[in-house]
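Undergrad: This is what each chain is made of:
Protein chains: 2
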Amino acid sequence: MGADLGFLIGKMNRTTLATSEYDSVVNMNLFVALLCGCIVIGHLLEESRWMNESITALVIGLCTGSVILLTSGGTNSHLFVFSEDLFFIYLLPPIIFNAGFQVKKKQFFRNFMTIVLFGAVGTAISFTIISFGAINIFKRMNVGSLDLGDFLALGAIFSATDSVCTLQVLNQDETPLLYSLVFGEGVVNDATSVVIFNAVQNFDLSRISTSEAFHLIGNFFYLFFTSTFLGAGAGLLSAYVIKRLYFGRHSTDREVAIMILMAYLSYMLAELFYLSGILTVFFCGIVMSHYTWHNVTEKSRVTTKHAFATLSFISELFIFLYVGMDALDIEKWSFVKDSPGKSIGVSSILLGLVMVGRACFVFPLSYLSNLTKRNENEKITGAQQVLIWWAGLMRGAVSMALAYNQFTRSGHTKLRGNAIMITSTITVVLFSTMVFGLMTKPLVKLLLPPSKNMSRMASSEPTSPKSFTIPLLENQWDPEAEPRQNGSAFSPSNLRALLSTPSHTVHYFWRKFDDAFMRPVFGGRGFVPYFPGTPTEQSVHNLIPKEGNN
Amino acid sequence: MGADLGFLIGKMNRTTLATSEYDSVVNMNLFVALLCGCIVIGHLLEESRWMNESITALVIGLCTGSVILLTSGGTNSHLFVFSEDLFFIYLLPPIIFNAGFQVKKKQFFRNFMTIVLFGAVGTAISFTIISFGAINIFKRMNVGSLDLGDFLALGAIFSATDSVCTLQVLNQDETPLLYSLVFGEGVVNDATSVVIFNAVQNFDLSRISTSEAFHLIGNFFYLFFTSTFLGAGAGLLSAYVIKRLYFGRHSTDREVAIMILMAYLSYMLAELFYLSGILTVFFCGIVMSHYTWHNVTEKSRVTTKHAFATLSFISELFIFLYVGMDALDIEKWSFVKDSPGKSIGVSSILLGLVMVGRACFVFPLSYLSNLTKRNENEKITGAQQVLIWWAGLMRGAVSMALAYNQFTRSGHTKLRGNAIMITSTITVVLFSTMVFGLMTKPLVKLLLPPSKNMSRMASSEPTSPKSFTIPLLENQWDPEAEPRQNGSAFSPSNLRALLSTPSHTVHYFWRKFDDAFMRPVFGGRGFVPYFPGTPTEQSVHNLIPKEGNN
Numbered sequence: 001m002g003a004d005l006g007f008l009i010g011k012m013n014r015t016t017l018a019t020s021e022y023d024s025v026v027n028m029n030l031f032v033a034l035l036c037g038c039i040v041i042g043h044l045l046e047e048s049r050w051m052n053e054s055i056t057a058l059v060i061g062l063c064t065g066s067v068i069l070l071t072s073g074g075t076n077s078h079l080f081v082f083s084e085d086l087f088f089i090y091l092l093p094p095i096i097f098n099a100g101f102q103v104k105k106k107q108f109f110r111n112f113m114t115i116v117l118f119g120a121v122g123t124a125i126s127f128t129i130i131s132f133g134a135i136n137i138f139k140r141m142n143v144g145s146l147d148l149g150d151f152l153a154l155g156a157i158f159s160a161t162d163s164v165c166t167l168q169v170l171n172q173d174e175t176p177l178l179y180s181l182v183f184g185e186g187v188v189n190d191a192t193s194v195v196i197f198n199a200v201q202n203f204d205l206s207r208i209s210t211s212e213a214f215h216l217i218g219n220f221f222y223l224f225f226t227s228t229f230l231g232a233g234a235g236l237l238s239a240y241v242i243k244r245l246y247f248g249r250h251s252t253d254r255e256v257a258i259m260i261l262m263a264y265l266s267y268m269l270a271e272l273f274y275l276s277g278i279l280t281v282f283f284c285g286i287v288m289s290h291y292t293w294h295n296v297t298e299k300s301r302v303t304t305k306h307a308f309a310t311l312s313f314i315s316e317l318f319i320f321l322y323v324g325m326d327a328l329d330i331e332k333w334s335f336v337k338d339s340p341g342k343s344i345g346v347s348s349i350l351l352g353l354v355m356v357g358r359a360c361f362v363f364p365l366s367y368l369s370n371l372t373k374r375n376e377n378e379k380i381t382g383a384q385q386v387l388i389w390w391a392g393l394m395r396g397a398v399s400m401a402l403a404y405n406q407f408t409r410s411g412h413t414k415l416r417g418n419a420i421m422i423t424s425t426i427t428v429v430l431f432s433t434m435v436f437g438l439m440t441k442p443l444v445k446l447l448l449p450p451s452k453n454m455s456r457m458a459s460s461e462p463t464s465p466k467s468f469t470i471p472l473l474e475n476q477w478d479p480e481a482e483p484r485q486n487g488s489a490f491s492p493s494n495l496r497a498l499l500s501t502p503s504h505t506v507h508y509f510w511r512k513f514d515d516a517f518m519r520p521v522f523g524g525r526g527f528v529p530y531f532p533g534t535p536t537e538q539s540v541h542n543l544i545p546k547e548g549n550n
Numbered sequence: 001m002g003a004d005l006g007f008l009i010g011k012m013n014r015t016t017l018a019t020s021e022y023d024s025v026v027n028m029n030l031f032v033a034l035l036c037g038c039i040v041i042g043h044l045l046e047e048s049r050w051m052n053e054s055i056t057a058l059v060i061g062l063c064t065g066s067v068i069l070l071t072s073g074g075t076n077s078h079l080f081v082f083s084e085d086l087f088f089i090y091l092l093p094p095i096i097f098n099a100g101f102q103v104k105k106k107q108f109f110r111n112f113m114t115i116v117l118f119g120a121v122g123t124a125i126s127f128t129i130i131s132f133g134a135i136n137i138f139k140r141m142n143v144g145s146l147d148l149g150d151f152l153a154l155g156a157i158f159s160a161t162d163s164v165c166t167l168q169v170l171n172q173d174e175t176p177l178l179y180s181l182v183f184g185e186g187v188v189n190d191a192t193s194v195v196i197f198n199a200v201q202n203f204d205l206s207r208i209s210t211s212e213a214f215h216l217i218g219n220f221f222y223l224f225f226t227s228t229f230l231g232a233g234a235g236l237l238s239a240y241v242i243k244r245l246y247f248g249r250h251s252t253d254r255e256v257a258i259m260i261l262m263a264y265l266s267y268m269l270a271e272l273f274y275l276s277g278i279l280t281v282f283f284c285g286i287v288m289s290h291y292t293w294h295n296v297t298e299k300s301r302v303t304t305k306h307a308f309a310t311l312s313f314i315s316e317l318f319i320f321l322y323v324g325m326d327a328l329d330i331e332k333w334s335f336v337k338d339s340p341g342k343s344i345g346v347s348s349i350l351l352g353l354v355m356v357g358r359a360c361f362v363f364p365l366s367y368l369s370n371l372t373k374r375n376e377n378e379k380i381t382g383a384q385q386v387l388i389w390w391a392g393l394m395r396g397a398v399s400m401a402l403a404y405n406q407f408t409r410s411g412h413t414k415l416r417g418n419a420i421m422i423t424s425t426i427t428v429v430l431f432s433t434m435v436f437g438l439m440t441k442p443l444v445k446l447l448l449p450p451s452k453n454m455s456r457m458a459s460s461e462p463t464s465p466k467s468f469t470i471p472l473l474e475n476q477w478d479p480e481a482e483p484r485q486n487g488s489a490f491s492p493s494n495l496r497a498l499l500s501t502p503s504h505t506v507h508y509f510w511r512k513f514d515d516a517f518m519r520p521v522f523g524g525r526g527f528v529p530y531f532p533g534t535p536t537e538q539s540v541h542n543l544i545p546k547e548g549n550n
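First to last, the sequence lines map onto chains F and C. Note that UniProt numbering numbers the first sequence so that position 498 is 498, with each residue one more than the last. Note that UniProt numbering numbers the second sequence so that position 221 is 221, with each residue one more than the last.
It should be emphasised that the hints constitute simulated quantities derived from the structure, not laboratory data. These numbers were taken from a predicted model, which means no experiment stands behind them. Hints may contain errors.
[Stated by the list, open to error] Partial selection, computed: residues in chain C whose CB lies under 8 Å from chain F:
#1 L245
#2 A257
#3 Y264
[Unchecked claim] Derived CB-CB ranges, DEER-like:
#4 C:F363 to F:C63: 54 to 64 Å
#5 C:D85 to F:F112: 42 to 52 Å
#6 F:E376 to C:S24: 20 to 30 Å
Every residue, glycine too, gets a C-beta built ideally from N, C-alpha and C.
Okay, chain F solo, but in the shape it has when bound (with noise of 0.2 Å):
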């Protein structure tokens, strides 16, 4: 009876689910249970030399994708179709905000002008070499109708690096400067590539003029100024909200919930006024860090540390096994079957061009940014800029996004130079995630042994010896550890190493600035105001329905 049973069971309930939607419960079953494998085998196989999350996910995708398409008869391999509203409206905001939120602010500014520097000027000079070397080469190699804008596009496409991937081989405990000027560039580098994507895809290319740079670099500095103030204005409301109605004395759900709301609700906005919803979330991450977080309630703040934390992180393993399975999309490939010669030859010349163009800015800005520090252990070393241009090459979920708007507007990749376009892409961005990836461990193994980075870091950053899995109810975590204990390095004896650093300066003024103006108003650490009873004592006293039954 028991089949039996079961089978009518089955019968009945169909109505509740449409057989279409039925082929989706089966589809996000099968891709929670990866996304659960990807931990578990990402966890056992942390120790690994090579290996890391991404590259576990994106393998994982790679083996479901074949096993889809073998099962299917070679006509499916993925199990949703990409999306970039997806990936733009769900996935890529939780990444950068808790980039912002768990970001050293200390290193983050005091590397400022050098981040801005890699960023914008950096990506720019790499889209002129890629889209230069591509209209030079693809030209005489016969690859299908591409126009100018084509060309200029793929400059773009392969100018966005993928913080993502990078940031999981770097730590920023033992390597400080590195994380924050590779992670700093990540973030200013997307804000300018999908900036310079845009503007190559609307203005007349055939008639550009100076007057029309002008306008280029004015509206990259607009977004730029807007889409800071849009972010850090959200941080502020929501720090200042949560100081005003103290939303601790009876949740720390609300607190939570309010936290992410405007988290989300800033980058939302800046999508709405067309600005950079990347660069707006990643300053709302640091206000809120620097702010909110201190307003609330201890319970709020490890939720609120973790919780950003493990969003971030299944989002970005959402990302690698989607774009892993997505690679097998048998339709994509059908194309460009009959010449696997070109498509090959297409993506070893994109990877070249982007490794040239990346070296043409990382060696030359560094030598720059060397010369206005005259602090040594400020400077960038040889090893260093290796690094630096090694881990900005991997290219991820940008790319592709960009990529499939270019080269799939009319619905699929009808036209054969499309066609090879978005396969070279996904060449491009496998191989790069992949290959590159596995041997960043090794190679930052080789060029920063580890008994240098531990000395480095104890001599550049002595306030946060530990690593961030410190328990935060310790209260040894703390964005703010860091100003203060800079703040009270302006004793006499350091009067030295002010003068030898202006930058430091800056941060001397802000910190007076942001004690006597901001934190009266906005609260953060110390400026809190004293309740006679504490949230936490307070709610022992006064049951208060609302926490558990939520």
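Position chain C relative to chain F; hints supplied.
TA: Leaving out everything else, chain C in the frame of chain F:
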């Protein structure tokens, strides 16, 4: 130049978002902003005698709906189209999972038989009465072409109570017995009404027979047990995996991610096998709080407890805000506006039937339940019976979803009978949630005066006199504290109590079994093997790059 530039950028960036997508970005912005507004206003109104967060969200939804209706010239009132998928796949699972995760297991299992009696038998009684009433009254009212199946579906739709709203008003600590009864009934009720609804939709009702009836009952038990086992299995698997691999050694994020993903997987697997996802994810939550929660690091415990509560909180707000907006959808009302009297009549009759149907099982079943209890403290008093009856009168999103499923099969509500049923459902949901919801807080205060609450609480739940809002960090909130205390209560002096309450004996044997076989394998309080370095200590020594960077 600013405005010029802004326009230019607008033009430039528009390609990244197609126009229809742009509208959805606008809608998402508005919706997220409204969610923030609900939280802030809900917080401000918290001290109010009447309001709670659900009603606030509902009212804000109604107001926004009106504004949209006015600005769009009466053509449109909602931002999204009501989607059963959205509700059943994304919003409901976190709410039910969190309920299972936070429920006081001792109270729940002690009253297990009463809960199942209310949830299964009670729902069946309610279904019968509402269906019979609807058949007899509506057939004489000429409400359009409704067949027997529609009337029976009405019975199922209006038997589904809304546990979400009710639980915002009751307090697990002040009225533990009431809370566990109402809440537990709500969960079982969900499963029962969905089973009945599916049965009604699929069985050939013209030739109902005894064997069919047995089929239905067998069906219910099959669904109940398989769903429970699936949920418990997923919970145990997560406990085993985390204990075995000890993710905490490296990363809190991984532990939290695996808990979220496994819980979601259990829900989706239940949907895949046509089981009750609600029951599954509820028991998954219970098992996870009993085993898995104790296997993870301190930080993960705080994070999961509050992150799950926050997700559930946001989902609830989302649902109520959404239902409020959707209620004004003009298309549905246009079919009934020529006969407003009839629509109001139908709604009133349905509301009356709901009240009668619930009274017909709450009081008799409470009487039956009291007969089995010898301990006066455990009997359900008259005032409590009235509150149980009252707390289950609200109808919410489950009723809405089922009504949409039954009456909008052919796309829209074209048939007059269907339109009347949809609008009546909306009216009943709005009226019961708002009017009954508003009166619940005062009613609880009236029937169970605070002093009495406190003394009851002190006597029946001596081990946890404090609110849920006590910080986890101090280990004062602890899902396991209760069974422990219960175990120690079986000292000779308490022998009489043991004999008088047989359910305690079951609990006692379960505890023995749990300690002997389950905990050594799946972990749980005090059964996690001690590693040379605890996760916390270890992470200080090993500088592991993952945690902060993901």
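Undergrad: Next step is simple, just say for each hint if it's right about the structure.
TA: Cross-check of the supplied hints:
1. L245: Constraint on L245 (chain C) satisfied, holds at 6 Å.
2. A257: holds, 5 Å
3. Y264: Given a least distance of 6 Å, the restraint on Y264 (chain C) holds.
4. C:F363 to F:C63: 54 to 64 Å: Holds, since F363 (chain C) and C63 (chain F) (Cβ atoms, about 60 Å apart) stay within the stated range.
5. C:D85 to F:F112: 42 to 52 Å: holds, 45 Å
6. F:E376 to C:S24: 20 to 30 Å: violated, 53 Å
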